[in-house]
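Fit chains B, C, D, E and F to the known structure of chain A by using the hints.
Residue numbers (the working numbering), protein chains in the order written: chain A, 1 to 235; chain B, 236 to 470; chain C, 471 to 705; chain D, 706 to 940; chain E, 941 to 1175; chain F, 1176 to 1410.
None of these hints come from the bench; they were simulated from the model.
Misleading hints may appear alongside valid ones.
[To be verified] Not the full set, but computed from the structure, chain E residues with beta-carbon under 10 Å of chain A:
(1) Y1028
(2) S1032
(3) G1054
Treat the numbers as computed from the prediction; the structure is a model and nothing was measured.
Here a beta-carbon is modelled for each residue, glycine too, at the ideal position from N, C-alpha and C.
Protein chains: 6
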Amino acid sequence: MHTGRQVFVVKLSGSIFGSPRICDIIKTVRDALEEQKQLFLILVAGGGATARKYIQAGLELGLDQATLDELGILSSQLNATLLAESLYPVASRIIPKSLSKIAEQLEVLLHRSGPKIVIIGGLHPGQSTNAVGALVAEKTRADLFINATDVEGVYDRDPGRFKEAILLENVTPDRLSNILESESVQAGTYDLMDPVALKLISRSRIPTKIVKCDSSVLSKVFQGAKVGTTIVFET
Amino acid sequence: MHTGRQVFVVKLSGSIFGSPRICDIIKTVRDALEEQKQLFLILVAGGGATARKYIQAGLELGLDQATLDELGILSSQLNATLLAESLYPVASRIIPKSLSKIAEQLEVLLHRSGPKIVIIGGLHPGQSTNAVGALVAEKTRADLFINATDVEGVYDRDPGRFKEAILLENVTPDRLSNILESESVQAGTYDLMDPVALKLISRSRIPTKIVKCDSSVLSKVFQGAKVGTTIVFET
Amino acid sequence: MHTGRQVFVVKLSGSIFGSPRICDIIKTVRDALEEQKQLFLILVAGGGATARKYIQAGLELGLDQATLDELGILSSQLNATLLAESLYPVASRIIPKSLSKIAEQLEVLLHRSGPKIVIIGGLHPGQSTNAVGALVAEKTRADLFINATDVEGVYDRDPGRFKEAILLENVTPDRLSNILESESVQAGTYDLMDPVALKLISRSRIPTKIVKCDSSVLSKVFQGAKVGTTIVFET
Amino acid sequence: MHTGRQVFVVKLSGSIFGSPRICDIIKTVRDALEEQKQLFLILVAGGGATARKYIQAGLELGLDQATLDELGILSSQLNATLLAESLYPVASRIIPKSLSKIAEQLEVLLHRSGPKIVIIGGLHPGQSTNAVGALVAEKTRADLFINATDVEGVYDRDPGRFKEAILLENVTPDRLSNILESESVQAGTYDLMDPVALKLISRSRIPTKIVKCDSSVLSKVFQGAKVGTTIVFET
Amino acid sequence: MHTGRQVFVVKLSGSIFGSPRICDIIKTVRDALEEQKQLFLILVAGGGATARKYIQAGLELGLDQATLDELGILSSQLNATLLAESLYPVASRIIPKSLSKIAEQLEVLLHRSGPKIVIIGGLHPGQSTNAVGALVAEKTRADLFINATDVEGVYDRDPGRFKEAILLENVTPDRLSNILESESVQAGTYDLMDPVALKLISRSRIPTKIVKCDSSVLSKVFQGAKVGTTIVFET
Amino acid sequence: MHTGRQVFVVKLSGSIFGSPRICDIIKTVRDALEEQKQLFLILVAGGGATARKYIQAGLELGLDQATLDELGILSSQLNATLLAESLYPVASRIIPKSLSKIAEQLEVLLHRSGPKIVIIGGLHPGQSTNAVGALVAEKTRADLFINATDVEGVYDRDPGRFKEAILLENVTPDRLSNILESESVQAGTYDLMDPVALKLISRSRIPTKIVKCDSSVLSKVFQGAKVGTTIVFET
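Next comes chain A alone, as it looks inside the complex (with noise of 0.2 Å):
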């Protein structure tokens, strides 16, 4: 990037909200901006169980799919502020609430010392946070999104249920595409990558990896080590 920042979105699975692992992150994150200084961080925070408890009282109170999408985002900037608070000073303490807010942020910070991470939740109703987190590295011509889910990576098939499946390495959009469609995933039981997220990626051939949501695996992402599954583009 021209400012000679390296600029790295990594959306984090909500499940380290309201677990020890939170700690663990932080001191990762840290210790990666403490060791490499040119790097700029943009982390997107899931909705994770504060998220499904209201999505779950909102479904027995009879809300409609919009608002209960609106009870998720709520919920994750509630775990994006937790956050941002925690990373202060090294982090923006403010959570940005649309993309062009985002972008602004990011102008105010990039060119100076100070805050080096803009911590943000869900943005809007029909887009989940992986989405958001392409999106985001779209605006900003990021260096690499990461996307820290609660599996290693993406497998030929569904690990739960076969045995032999095998983690790969480098998958194109295309059958990761075909991957998220085959009848072995269910809805929601396998967080890698929704269709828009996809489809994003693959318009703009955002360099993105998927790994484990885990500081000794976030550790090694930062510091350019092969883990987890890379996507790559057809040339």
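Just chains B, C, D, E and F, lined up with the frame of chain A:
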């Protein structure tokens, strides 16, 4: 709906803006509201020629895809403003820019005399105005989502290439999804419905019609006549 | 009130969120509005378990007190959203975030048919949801401020420690202030009323009741029955 | 107007704020609305003594002209708040800060019972509250724009210098423009109408009266009596 | 300026948008900032062809003048977005929509490395983009206000009608005012400077140049060369 | 603080606005920042004479207490604007209106050259500018909170009534609380510290000084000299 009002969400093809057809559409909408006292409309303006012009200019100037989306959204909001001011005082002059602002505006207007139309443009990058229409229909529990496009409805194959293409009266989301994915459909040439919009329609079983954006057709739809293609759900 | 409407401000204990009790409360509120056509409600949602969870996590992560207040406010606003969507269309879906926005919302709703409830959470760090309730009662010149807490009302001493504690039918602000300051009351264990709320109640002589946040109790309060403790002012 | 309501925009001289005259003005306005059920008012508060005080302080502290304009606008908005709260619930408590917010507020209020007055202050640097009044009259297609100033109307020459000055019953925009430009009129001493306001009045042929800001005069104007000077347009 | 930076406000003729000339302008601006490290620019985008198209459509649909102004402002802001994204990261991506937001943006950018351009469109109905440029120059105490129009500068009479018209090197505000008012100048045909802009220039004695909106001319202006017409003030 | 900067929050008595003393205060503040390169200031402007004037007018017009608070807040924000513009470019021109906006502004300014002062007024009804100062000190983990009032510091009894009253060098929150509650202190006559502010100071053990709002006193405080009364906490 609890207010006794019937809410229709209508996605209007951007092609009517900058065309004399807009006058007929305006007249049709006014007439429909005059005749059906309980009707309440949410109109979603497409970006049309202005969007294409700015997106093309942006492409030539090397902008990223998310920003091109934003130029399209701003263009559709400009169209929405023109339409709203022309339909005022039957329509509200306010163009909401987020789903929650739309809900807020609707709340204000549904329970009293005065404007019976809310007009919006696009809301968020990575989401078409079709998807916006579906999302709004979901949030407002609309009685009908009308996607007024540049074709008569859904054909079983590309009518531009196959003379024998048949206009479908009904289509399931699955079949429509297959038609949209079939190789004969080129991106951008067949603006029926995108996968995100279709997913929202499916998850909330939103009553949906795909019709031509033409004043006489819309007039029939408002009167409950059979035109275009209806999306039907398996029970 | 000039509109012929009776305005009640009700602070709802956060303990009802994430509990099945919320369904009974919702039913009670709906019934009360059905029966009393002139009643208009402003509900203030407490932060409850979600607030405690995030404040606890924030404490462990070393956040400052003002930020912990902000996490509590965000949690109460999430609760307010859930409640408002569940009570819609009897309630407004909009959660105002400042006193002037509350006044604005009220103005819109008081003078017409449609939603008869405005729901809010906390507004500002350093100010409890109790104080928010009192402030809103002041600004809206409410007919009654109901503080629905986890106890039956005000006792002359701590009922947890003294068997012979007597539930007071009436209490003056001065006596309540003394009871709150007495040594037997531990911070956080007795969520009746904080000094700021009490100061606001006193300065504007706001008619106030302290009752248990229970559907049958609230039902009685809405009907004007004698329950809990009433704050009385010297003449 | 389509709602059957008559809309008057009244620019109120800032001199009434901080003066007991404000009570009479408030009474006159209340009475007029009581008598004329179809009347709807938009009141534009001038900055008065507070504006002069802060502009003077700003001048002494070396501020630029645009900032001095902003101090004047903030002062007029403070006056508008005081007036709106005093006229509530006949007036809306909300002080819109932009033309589109004024249109929004009007839309909400015109079509129902409840507040019949919207009150504003200045909107934008480089534009007097007179011009704001004209702009609002244009946007709302008001039936009358009343500029309530500190003089009885337009004289054919400066009444302070010429005993024989005659109060004009009618004046064309061109003649008024000439009078305003004539050498006998000192800047600031004769707050009738500025060129921007006059240009807006001319381009939209806004029915306009210039009268003294006095309760008995305003009362007559509201009743349709002949007072002050009327701007007439050539046909 | 206290920061050692030189601030130029440049009103760019709307005619460059939708024309290949924009590429040359972009290059010129980039080069100027590359060469003059202390230069900071505020660019005001005109509405151009898009504004004319929407204003014409609005006229045909019967809209009021204030709303036509708003359509022009929205169009100029769309142009500003296109230009800002194309000049990013030399320019800020954020398009401020009010004078105070412009001051805020400037404050953020002036004191550090990073974007050296803020781009805006129109701000408020009843005020041309010329006047906006003058107002911004006032508020930012700019070193120079450059009005880049469709003519070479100010002529002593209408160059379209009089062959012997002479381009003036210098002009006083009074003489310019007389030229603008002279009968040979038709509204809209001679977009030099409107009376409001001129009044702001006069009251704050803003150093102002009127030049052709052409890349080679702008290049010279940035280098301090003598081109176009300079507004001079009597001492 | 992590930035190496020393952050002081200073509540400035409203009495300096509209008084020539403001020039001395401005000079003192400029000098302090000139001398102490690491100093960063947050100034909280009181409402002073303007607040009293509008609150008095509001009382006479029958407004409620919450609205009177709002008039006081608007007045203090007007004072804050005047002060910020006068201290610009040493101070930021932006007046944040909420705690999170203050944190945002601080984040922008702390990590670079440029403005070293953020100026605010009141934030929320029911909360004094003293409490605002304490809240901001909490949120920013300020090194010192200076309450610059109209008296020299805290006396052991009311100095207006008792000649032998002694100025305390140190005071614990408990003792200060007792002094504030003692009968000799009339509401409004002794603007030292209100209970809410004191509670915030106590819960976060904010280093606090109470001094006279006088340029020579403030100059000493900025230099670390012993003046006024210091609030000390038991260990």
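Hint-by-hint comparison with the structure:
1. Taking 10 Å as the C-beta contact cut-off toward chain A, the hint placing E/Y1028 at the interface holds, the least distance being around 8 Å.
2. Nearest Cβ of chain A to the Cβ of E/S1032: about 6 Å, under the 10 Å cut. The hint holds.
3. Using the Cβ-Cβ criterion of 10 Å, the hint placing E/G1054 at the interface with chain A is satisfied: the shortest such distance is roughly 3 Å.
No hint from the list above goes unmet by this structure.
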